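Chains as they are written, first to last, in the working numbering: chain A, 1 to 425; chain B, 1001 to 1168.
Among these hints, one or two may not hold up.
In silico BS3-like links for lysine-lysine, alpha-carbon gap of 27 Å or less [to be verified]: (1) A/Lys71 x B/Lys1035; (2) B/Lys1035 x A/Lys44; (3) B/Lys1168 x A/Lys152; (4) A/Lys80 x A/Lys52; (5) B/Lys1002 x A/Lys47.
No wet-lab data here; the hints were simulated from the structure.
Since we're looking at a predicted model, the values are computed, not measured.
Each chain, written out:
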Amino acid sequence: MQMTITEKILARHADLESVKPGQIISSKVDIALGNDITAPLAIKAFKQAGAKQVFDPSRVVLVPDHFAPNKDIASAQQAKIMREFAREMDIDNYFEVGQMGVEHALLPEQGLSLPGDVIIGADSHTCTYGAMGAFSTGVGSTDLAATMITGKTWFRVPETMKFIFNGKRKNKWISGKDLILYTIGKIGVSGALYKAMEFCGSMIEEFSMDDRFAMANMAVEAGAKNGIIRPDQKTLDFIASQPVRPVRDYQMLESDKDAAYLSVHEFDGDDIDLMVAFPHLPENTRAVGEAKDIRLDQVVVGSCTNGRYVDMEIVAGILKGNKVAKGMRMIIIPATQRIYKKAMNNGLLDIFIDAGAVVSTPTCGPCLGGHMGILAEEERCLATTNRNFVGRMGHPRSEVYLASPAVAAASALTGVITDPEQVVS
Amino acid sequence: MKLTGKAWKFGDNVDTDVIIPARYLNTSDPAELAKHCMEDADTSFAGAVSQGDIIVGGANFGCGSSREHAPIAIKAAGVSCVVAEYFARIFYRNAFNMGLPIIECPEAAREAAPGDILEVDPMEGTIVNKTQGKSYKATPIPPFMMELVNAGGLMSYTVQQLAQANSK
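Only chain A is shown next, with the shape it has when bound in the complex:
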C-alpha cells in the first residue's frame, strides 16, 4: 500500500504493515516532552494514577524554558515540581537553567529528535521536529502523563495535505518563516485542522534546516496535527554537526510516489514576498510592502520559531554598524546556550549590543507574554515568534506583528515595519 511519510512513521510505531487516514492507532512514543508550565499538571496526573516510574527515563525530556529562569515565586514553585520529579525518576534529559534552551531548538541539538521518530510534547509547537522527518505533535498534560506511564499514545491517523513550493526565492531575505506565513495566509488558521502538512519542492530542498524548523514549527498555526519534511542529506549533516550524537537508530523515510493526499497545493517562489502577519491571527498576512507606517515600540527576535543561529546571523548582518531607532526596544534571545555562545564567539553579540539591542539568556519569555519584554496598553511589537493573539505578549490592548528575522532587524532600525532591502544597500 502506498503511504505518505506520516502514515509510514505511524504504521511502524503501531506495529502495523500499513495505516490509513481516519484509523485510530496505539503508537509507541520515542520521546515524551514537557516544560515548566505543562509538566507540573502531567506530574500531578501521573501521581494520581498511582504510577511509580516512567516507562523509560531516557525517553522523557523535561525543559524549564517558559518562565525560566524563574520569573516569580509561583513559577519557581512550578519549576521545582518538575525538577524534583526528574530527580525522583532518574530523568537525565532534564535541562537545568544553564544547560537549557527553548525546548524545540534544544532537542535537535541534544540528538533527542530524529528522523522517523514519534514525538509527543505538552507544548503545541512540538510539531517543529517534523522538519527532520519525524512525526511530532503537541498534546495536553494528561496525554503526556499517560505516555510517561505507558510509552504509548493514541492517534487518529491524519489525512495529509501536500504543499509544493516550486521555483526559487525572490530574494535572499525570503525565509522559511515567510513561506509558512504565506501558507497560513492562504489556507487560514484552521485550514489544516487535524491534518498532516507535508512541505516539499525545490524551495524546501534549498532551505537550511533552521528554515525548515521554522516552517514545521508553525504548522499548528494552521490547525495541523503535524508538519513534515522529507529528511535528506541536509538532515544527516545537521545531525552529524550537533554537539550530542544520537544514541538511538533512526529511519529516513519518505512518501511513496503514489501516496494518497487529501489535497495538493502548489506555490511558486515568484509569488512569495516577505510576509507580515497582522494582529490578531497568524492568517492575517500581507506582503511587507503593504505594511505602511506601522510604528513599533518593540522588536523581539527569538523563540522556537526563529531563535536559531541562522536567524542570529541574519539579524547581525542587518544591524552591523547601525543603531536601533530612537525609542525602540530590541530584545534578542538566542534559543539555546549553544546558539548564544556561538553568537558570542563570532562577534554577533557585540553587533547586537552596539546597535542598542538587549541580549537575553534563552527563554520563551516574551513570546507568550511570560516575562522579558511584556507590552503595555496600546504598544506594538514586531516579533519573530509564532502567535499574535489578543494579549499574547502582554496587555490585551497591545499588538503583535509576526515576521522573519530579516524584517525584524530592518524594522528595529527604522522604528516602522520595513523591508530589509530598504536598509541594506
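Once you've looked at the hints, dock chain B against the given chain A.
Relative to chain A, chain B alone:
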C-alpha cells in the same frame, strides 16, 4: 445527562491565550485559573458566569497552545459544556481528558444568542435552545472517544490498560 445553562457567546478562533492568558499560568490551581477565564475576550465573564452556564463558540474554538489550563479554567469557572461550530485539535483532546463536555454543532452555535437557555445532552448529541424553541443534532462523538469517556477519562483508561497488560 442533560446540561442546562445560559449561553455565553463568543466568536471564531477563540484561542487558549484568551481562554486563560499565559500571565496566569504560573499556577495550575483550578480556582485561581477560573478567576481569569476568558478575561481577554470579556472581562465580565469570570465574575458573572453562573454554575452550569454554557460557552458557545464559533469555528476553531480552543486554537493555539496545548495548555490544559484552558479546559481546567472553563470547568472550574462553573461552565457545564462548550458548544462550538468545531474545535481545534489539542483543545478537543484536552477537554475529553479533563472531563469537560464539548460538542460540535455549527447550526446551534451560530443561531444561539447571548443569554439563551440551552439544554445539551452530550452523550445523545442533542441541543435544545429553549429560548428560541429549536432543537439540533450535533456531530456524533467518535466511537473511540466514547470508549475513553465510558472508561472515566484517559487516565482511568490508561490504568485499566496497564492492569490488563499486567494480568496477561
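Here's how the hints hold up against the structure:
1. Of the supplied pair hints, the one linking A/Lys71 and B/Lys1035 holds, its CA atoms being roughly 21 Å apart against a limit of 27 Å.
2. For the proposed pair B/Lys1035 and A/Lys44, the alpha carbon gap of about 21 Å is at most 27 Å, so the pair holds.
3. Between B/Lys1168 and A/Lys152 the alpha-carbon distance is near 18 Å, which keeps this suggested pair within the 27 Å criterion.
4. The straight-line distance between the Cα atoms of A/Lys80 and A/Lys52 is roughly 19 Å, inside the 27 Å bound, and the hint therefore holds.
5. With a CA separation close to 32 Å, the supplied pair B/Lys1002 and A/Lys47 exceeds the 27 Å bound.
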